[in-house]
Amino acid sequence: MSAALAFDLLLAAGLLWSAWQSLSSARLDRAILLFITFGLLLTLAWARLSAPDIGLAEAAIGAGLTGALLLDAYRALKQGSDAQVNR
Amino acid sequence: MKKIAIQLAALVFALVLGSAMLDLDPAPVDLRPAVAAHLEASGVAHPVTAVLLNYRGYDTLLEVAVLLLALFAILAVIPDSQTGRPTPAAPVLQTLARLAVPLMLVTATFLLWAGAFRPGGAFQAGSVLAAALVLLHLTGLLAGWPQPGARLRWGLAAGFLVFLAVAAALLLQGHLLQYPPAWAGLLILCIEFALTLSLGLLLAGLFLFLSRDTEGAP
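Chains as they are written, first to last, in my numbering: chain A, 8 to 94; chain B, 18 to 235.
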């Protein structure tokens, strides 16, 4: 088994694992971080498929901007529920 | 019992889906030789950019229109409230953001320029630009945007308008977005430049128009 094949298998396993963990995680913050991890692994997968253009777009939009949006939404949700508890 | 049946059905569906993917015939038309053969006339040296902005330019034109529409929809539904200055982040984070943003601007410019002959281009450059704006906002250096003023509106629409203007001008010559080979490189660079600016503002707008940091505001 060559090193490239081992890396690809590891990458595929990591993709499936992070996707499943992100969907099944009970904690929202953990799910969001795993979603970002999934995006970054997907970037590597696109690079391995020699499609660096899509990899760049995935890293910037998929992992970066979407991740930031989700984290911001999480913060807003948390602030909202904190305010309700305090009321 | 019901749970097992559902899991079994899902497993069978996954297997069928997987076997269908493996069964796919190779693409009946191989477009790669055609792309390579006309690369000379496309005005750029990178096949992906040639496809996106020359051979299938109208796809990209409509894509930008869709993004602009999405932002219009957001602007239409958000409440018209004042945004206060966001809470500043820790000084270390702020300093880091101040150091990173100029580098990100350089990276965006490089990606825009590199699009002509290697992976890169307007979308990637625009998203780096947007990420810089989001970073500034998250560290408290840039307030969330209220309803956009005239300058911001022009900035948001610039990419689409420039693209549309080029398309309309070329339509007069006969065909939609068929660049004359001598001008193709320059036209594509102009379009990509405007697109980068607009996409950066559009993508950042998805973040900054929705952001409601009311701390410190009445």
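If you are wondering where the hints come from, they were derived from the structure by calculation, not from laboratory data. Beta carbons are placed, not taken as given, at the ideal position from N, Cα and C, and that holds for glycine. One or more of the hints may lead you astray.
As the list claims (entries may be wrong) - Not close to chain A: a few residues of chain B, all C-beta gaps over 10 Å, as computed:
{"hint": "1", "residue": "Leu41"}
{"hint": "2", "residue": "Pro50"}
{"hint": "3", "residue": "Arg73"}
{"hint": "4", "residue": "Pro105"}
{"hint": "5", "residue": "Thr112"}
{"hint": "6", "residue": "Phe140"}
{"hint": "7", "residue": "Arg170"}
{"hint": "8", "residue": "Leu189"}
{"hint": "9", "residue": "Phe224"}
{"hint": "10", "residue": "Leu227"}
To be verified - Some chain A residues judged to face chain B by a derived CB distance under 10 Å, without partners named:
{"hint": "11", "residue": "Ala20"}
{"hint": "12", "residue": "Ala58"}
{"hint": "13", "residue": "Pro59"}
{"hint": "14", "residue": "Ile61"}
{"hint": "15", "residue": "Leu63"}
{"hint": "16", "residue": "Ala64"}
{"hint": "17", "residue": "Ile68"}
{"hint": "18", "residue": "Leu72"}
{"hint": "19", "residue": "Ala75"}
*Of all the hints given earlier, name the ones this structure violates by number, lowest first.*
Result: hints 6, 9, 10 and 11 break, sorted rising.
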